[in-house]
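*Asks:* Sequence:
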Amino acid sequence: MKSIIRQGAAVAAAAVLLAGLAACSGTPSASPSAAGHGDWRTATSATAGGGMDALIAAAKKEGSLNAIALPNDWANYGEVISTFQKKYGITVNVENPDASSQDEINAVASRKGQDRSPDVIDVGHDFDVAAAQQGLLAPYQVASFAKIPAGQKEKTGLWYNDMGGYVSIGCDAGRVTTCPTTFKDLLDPQYKGKVALSGNPVKSASAFGAVYAAAIANGGSFANIQPGLDFFTKLTRSGNFNPVEATPATMEKGETPIAVVWDYRNAAYADELKTKGITWNVQVPKDGVFAQYYSQAIVKWAPHPAAARLWQEFLYSTEGQNLWLKGYARPVLLPVMIADGTVDTDALAHLPQVSEKTTSFPSEEQGKAAKAVVSNGWTKAVS
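Numbering (mature numbering (1 follows the signal peptide of the UniProt record, and there is no 0)), first residue to last: -30 to -1, 1 to 353.
Be a bit skeptical, because a hint or two may be false.
To be verified - BS3-like cross-link-like pairs, simulated, lysine-lysine; straight-line CA separation at most 30 Å:
#1 LYS173 x LYS296
#2 LYS256 x LYS270
#3 LYS31 x LYS82
#4 LYS173 x LYS338
#5 LYS162 x LYS350
#6 LYS30 x LYS123
Hints in this document: simulated from the structure, not taken from any laboratory. Nothing here was measured: the structure is a model prediction, and the numbers come from that model.
Given these sequences and hints, build the entire structure.
*Replies:* The structure is reproduced here in C-alpha cells:
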C-alpha cells in the first residue's frame, strides 16, 4: 500500500490528529513495593509506590502481565510486547488477540478476583470511559502524565489516550480495477460484495469509527451518527457490503478486497500483504475524515498490579511511543516528541497522508449517544 509521503506532510498529518484535543483463586495477594512504601495495587504513581526501581523490582518478581486483544500487527504491538519482555524479563500473556473492545470490558467485569483477569486494557476511547463509570479501573499517573493533553486523559489517571489514527479505505489493487477513495465511491456497482469492516461496530471501535466517518461523509456530525447507519443500509441494499470481518487472511484470499479500517491498520496490512505479492492501497477519504484514539487503563483488581503499572510507564516513555509510531499509529505524546527532538523521524515520514488541516473529536456525551444509536440500529441497518 504505502503511498510515498514527504516528511513535511507527515508532520502536518501528525499535528492534525493531535490538534483536537475459568480458574478462580480468590483475590490475588498484594504486591508490596521493594522500598516498603506501600501496595502497588493502590499506588497512583511510581513515586507513591516507592520509585521506579521499586516498581521494576516488584514487577519482575510478579513475572507476568495479562493482556487481551493485542494483535501483533496492530500498531506494531508485536515489537512493543517483545521489547518490553526483553527489557524487564516479564512475560506478556495476550489472550484472544483479535477480541473487540467490548470483549475486553466483558472479560474484566466477569473475572474479578481471578488470576486470569486482564491486568490492563487497550480499548476504544468510549469503552474506557464506560469502564471507568462501571468502577473497573484503577487510577495511575505515569511519569509523563502531565505531558498528555487535558482532553486526552481522565484527571486522576483512570484512563489516558494512547495512540490513534484516521478511518481509511484499504483496497487490493490486483483484484479491484479502480480502488475507491471516498465513501461515495463505495456505492459504485463495481464493488458488489467487496466492502468489509473489521468487525461489528457495536463491539469494535474500529468499525464504529467507520460508521462515524460514513455519517460525516453523508451530512451527519458528531451529534448525529444516523446518516452513517443509513449509508450502510444503502451499501447493504446495493449488495456492496460484505459482512465478513476483514483480516489479513481474508484479504490474502480475496474475500475482503476492500476494507474500511483505521489507517495504521491498513498501512500495516499493506506491509504484510506486500510480502505475498499483493498491492494494498490505502486512502483516507476526503469526504469522511474521522480520527479517534484508543485508551489505556489498569484493571482495578489486576492480578499483577506492579507489572500493570510498569507496562504503562513503558508505553508512555519515548521508547514506547516511538514503537507505536513505527506501526503507523499517531501516539498521544507525538507533539511533545516532535518539539523536543525525540521522535523517530523515519517512522514519522511514513504516516498516511490526511487532507484536513484540523481535526476535532466527539465529546464524551456525543460518543455515548452515538454508541447508543449504533447499538440499537446496526442489526436493522445491515439486515
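*Asks:* Does LYS173 pair with LYS296 here, judged by a C-alpha cut-off of 30 Å?
*Replies:* holds, 27 Å
*Asks:* CA of LYS31 to CA of LYS82, is that 30 Å or under?
*Replies:* holds, 22 Å
*Asks:* Need the status of pair LYS30, LYS123: alpha-carbon distance at most 30 Å?
*Replies:* holds, 28 Å
*Asks:* When you check the alpha-carbon spacing of LYS162 and LYS350, does it fall within 30 Å?
*Replies:* The hint holds at about 20 Å.
*Asks:* Between LYS173 and LYS338, is the straight-line Cα distance small enough, at 30 Å or below?
*Replies:* Holds, because 13 Å separates the two Cα atoms, which is no more than 30 Å.
*Asks:* Would you mind confirming whether the straight-line C-alpha gap from LYS256 to LYS270 stays at or under 30 Å?
*Replies:* Outside the cut-off at roughly 41 Å; violated.
Going through the hint list in order, the structure does not satisfy hint 2, though it satisfies all others.
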